[in-house]
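**Student:** Take a look at the letters that make up each chain.
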Amino acid sequence: MSLSLDEVRKVARLARLELPEDDLVRMQAQLSAILDYVAQLGELDTRDVEPLAHPLPVQNVFRPDEPTPSLPVEAALRNAPKRVGDYFAVPAVFDSDEPVSP
Amino acid sequence: MSLIEKTATELLALQSSGRVTAGEIAEAFLAACRDREPKLRSFTSLDEAAVREQAAAIDAKRKAGKPLGRLAGIPVAVKDVLCTKGVRTTCSSKILANFVPPYDAHVVERLRAEDAVLFGKTNMDEFAMGSSTENSAFQVTRNPWAPDRIPGGSSGGSAACVAGCQAPLSLGTDTGGSIRQPAALCGIVGLKPTYGRVSRYGLIAFASSLDQVGPFAHDVTDCALLLEAIAGHDRRDSTCVDQPVPEYRQSLNDPVEGLRIGVPREFFDKGLDAEVEAAVRAALKEYQKLGATLVDVSLPHSKYALAAYYIVAPAEASSNLARFDGMHYGHRTAAKADLIATYAKSRGEGFGPEVRRRIMIGTYVLSSGYKDAFYVKALKVRRLVKKDFDDVLANCDVIMGPTTPTPAFTIGEKADDPLAMYLSDVYTVSCNLAGIPGLSIPCGFTKGGLPIGLQLLGKPFDEEKLLRIARMYEAVTDWHTRRPRL
Chain G
1 MSLSLDEVRK VARLARLELP EDDLVRMQAQ LSAILDYVAQ LGELDTRDVE PLAHPLPVQN
61 VFRPDEPTPS LPVEAALRNA PKRVGDYFAV PAVFDSDEPV SP
Chain L
1 MSLIEKTATE LLALQSSGRV TAGEIAEAFL AACRDREPKL RSFTSLDEAA VREQAAAIDA
61 KRKAGKPLGR LAGIPVAVKD VLCTKGVRTT CSSKILANFV PPYDAHVVER LRAEDAVLFG
121 KTNMDEFAMG SSTENSAFQV TRNPWAPDRI PGGSSGGSAA CVAGCQAPLS LGTDTGGSIR
181 QPAALCGIVG LKPTYGRVSR YGLIAFASSL DQVGPFAHDV TDCALLLEAI AGHDRRDSTC
241 VDQPVPEYRQ SLNDPVEGLR IGVPREFFDK GLDAEVEAAV RAALKEYQKL GATLVDVSLP
301 HSKYALAAYY IVAPAEASSN LARFDGMHYG HRTAAKADLI ATYAKSRGEG FGPEVRRRIM
361 IGTYVLSSGY KDAFYVKALK VRRLVKKDFD DVLANCDVIM GPTTPTPAFT IGEKADDPLA
421 MYLSDVYTVS CNLAGIPGLS IPCGFTKGGL PIGLQLLGKP FDEEKLLRIA RMYEAVTDWH
481 TRRPRL
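If you're matching them up, the sequences are chains G and L in order. Letter 13 of the first sequence, counting from 1, is numbered 13 in our numbering, and no numbers are missing. Letter 337 of the second sequence, counting from 1, is numbered 337 in our numbering, and no numbers are missing.
Rather than coming from a laboratory, the hints here were simulated on the basis of the structure. Predicted model only: the values in this text are computed from it and were never measured. Fair warning: there could be bad hints in the mix.
[Unchecked claim] Once the Cα atoms are required to be at most 20 angstroms apart in a straight line, the calculated DMTMM-like pairs of lysine to aspartate or glutamate come out as:
no., chain 1, residue 1, chain 2, residue 2
1, G, K10, L, E247
2, G, K82, L, E349
3, L, K386, G, E43
4, L, K371, G, E50
5, L, K387, G, E43
6, L, K371, G, D48
7, G, K10, L, D390
8, G, K10, L, E354
[Claimed, not checked] Some chain L residues judged to face chain G by a derived CB distance under 10 angstroms, without partners named:
no., residue
9, S45
10, L321
11, G330
12, K447
13, G448
Heads up, the beta-carbon is just placed ideally off N, CA and C, and yes, glycines get one too.
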């Protein structure tokens, strides 16, 4: 199964991964080879098989809802690439000139 | 035998009899690191002052007659994927090159509670993705038995530092073989515990339904010792099961009566190196001499396990690694860009080639229109793989085979061929898909002097029996006593 360069670009966009053009081309060949390999699963008839997402039969793990101290603000901010006061500074989410739609 | 070549158990005895102090042990291993690290490159960081400080504190505690933990004064190296409070934790990635965690992983807390000396962070394939440790953004770790060869991966630094006598014990993580494969290639013992046996709190996640933390050691006794220290319930990891932790060392020398060993045909198929096969067959003969019965069994879906793994693991990775967006911690691009472009540039700059590849595969197999054909299909195959193990282990105490298809390969040999690299995990990934425990122990060397590993797979939470079975073989062989000349 071979992926087109446009498909590789689309996946990179979905993954929020900016890649140089020559990387995309290399990726196209490598991803196609890997997808070819995993396509062998198609040989198996799995119509009546339930998917297994998790190896343990553990469900609904509960614990008492008790307040505990959380990370101090300074500790949480220590690794921030950029901070303003007690906040993480990030690029604007919305264009500041345009009204925020509800 | 010099101090650095001893096992942790021996070092504990030397301390309690007063012949050696934790400070002297620490100095011996620090000296070994100064000498060997330029050759092996096992560590991403090692703070000598912090090591000395911890060792001195333990000696003071001993002198004051205070009770000591089970790892008192023993240096333990920790894979750089486990968070250490105030100590840089990089995942061998540029994106976390300056990340200093504000808290300890659960297993690191356990090591501190048992009075271990935290002895540096070890090199790995970036985000634990790889089988050779060549995917580290920082350095290539060498196999102590053959410095032109890889130590295996992804926990290559943790394996190399124990095999190379830079530390007597270390912690690694295993998502598809990342403890067992490097243990085999470096000639030491490595255990992937049952999924849920050890808390992953503070482990930087790769594939959450597969990841486990586990020990590296020179021998089975030391492996049992370190497992005792790290296993057990922790409510901060909801997949960590609340089951009592046995004192694994107590029963270690009790042989398993009427031992039945399942030997899967599929583990001796084409692609298996002749010398590896011969060593594994010889080990099985040794078990027969000890009274075990070899049972010819089949794991019919094991040939599909690798393909299922290379869908499930990247899918989970693409989701887990979405958190590295350059906003709260980690690398943020210097380029001026809007929010989405800042994410994409930061990630493109911060992740290395293999991590990008896995994120891309994972994103693709989860994307609209492909999820059923790839991801859901792989989860169905995962159930079939698990059922194979359930069926065989209903009848056998253990499954045995080679840990790896070949001995350690040379550096660079598979670096440009991702699929060839993936195939070195062919015998180890099914264990993670099934969630069962897996152990690799040394079972010989090639004519060229490269270590070979025997893999033992058991029922969930059956680590005690698995270690006893391993000890039966170890007690009549001496592979575990060999140390490389460095």
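**Student:** Does each hint fit the structure? Answer for all of them.
**Tutor:** Going through the hints against the structure:
1. With a C-alpha separation of about 53 angstroms, the suggested pair K10 (chain G) and E247 (chain L) falls outside the 20 angstroms cut-off, and the hint is violated.
2. In summary, the hint linking K82 (chain G) to E349 (chain L) is supported, as the alpha carbons are separated by about 17 angstroms, within the 20 angstroms threshold.
3. Of the supplied pair hints, the one linking K386 (chain L) and E43 (chain G) holds, its CA atoms being roughly 18 angstroms apart against a limit of 20 angstroms.
4. Distance check on the hinted pair: K371 (chain L) and E50 (chain G) sit about 15 angstroms apart at the alpha-carbon level, within 20 angstroms; holds.
5. Taking the CA atoms of K387 (chain L) and E43 (chain G), the gap is near 18 angstroms; set against the 20 angstroms cutoff, the hint holds.
6. Taken as a hint, the K371 (chain L) and D48 (chain G) pair is honoured in the structure, with Cα atoms around 18 angstroms apart against an allowance of 20 angstroms.
7. For the suggested pair K10 (chain G) and D390 (chain L), the alpha carbons sit about 41 angstroms apart, so the restraint of at most 20 angstroms is broken.
8. For the hint linking K10 (chain G) to E354 (chain L), the alpha-carbon distance of about 19 angstroms falls within 20 angstroms, and the restraint holds.
9. Interface restraint check: S45 (chain L) against chain G, minimum CB-CB distance 16 angstroms, threshold 10 angstroms, status violated.
10. About 9 angstroms separates the beta-carbon of L321 (chain L) from the nearest beta-carbon of chain G, less than 10 angstroms, and the hint is met.
11. Using the Cβ-Cβ criterion of 10 angstroms, the hint placing G330 (chain L) at the interface with chain G is satisfied: the shortest such distance is roughly 7 angstroms.
12. With 10 angstroms as the threshold, the beta carbon of K447 (chain L) stays out of range of chain G, its nearest partner Cβ sitting at about 32 angstroms, so the hint is violated.
13. At a threshold of 10 angstroms, the smallest CB-CB gap from G448 (chain L) to chain G is about 30 angstroms, leaving the interface hint violated.
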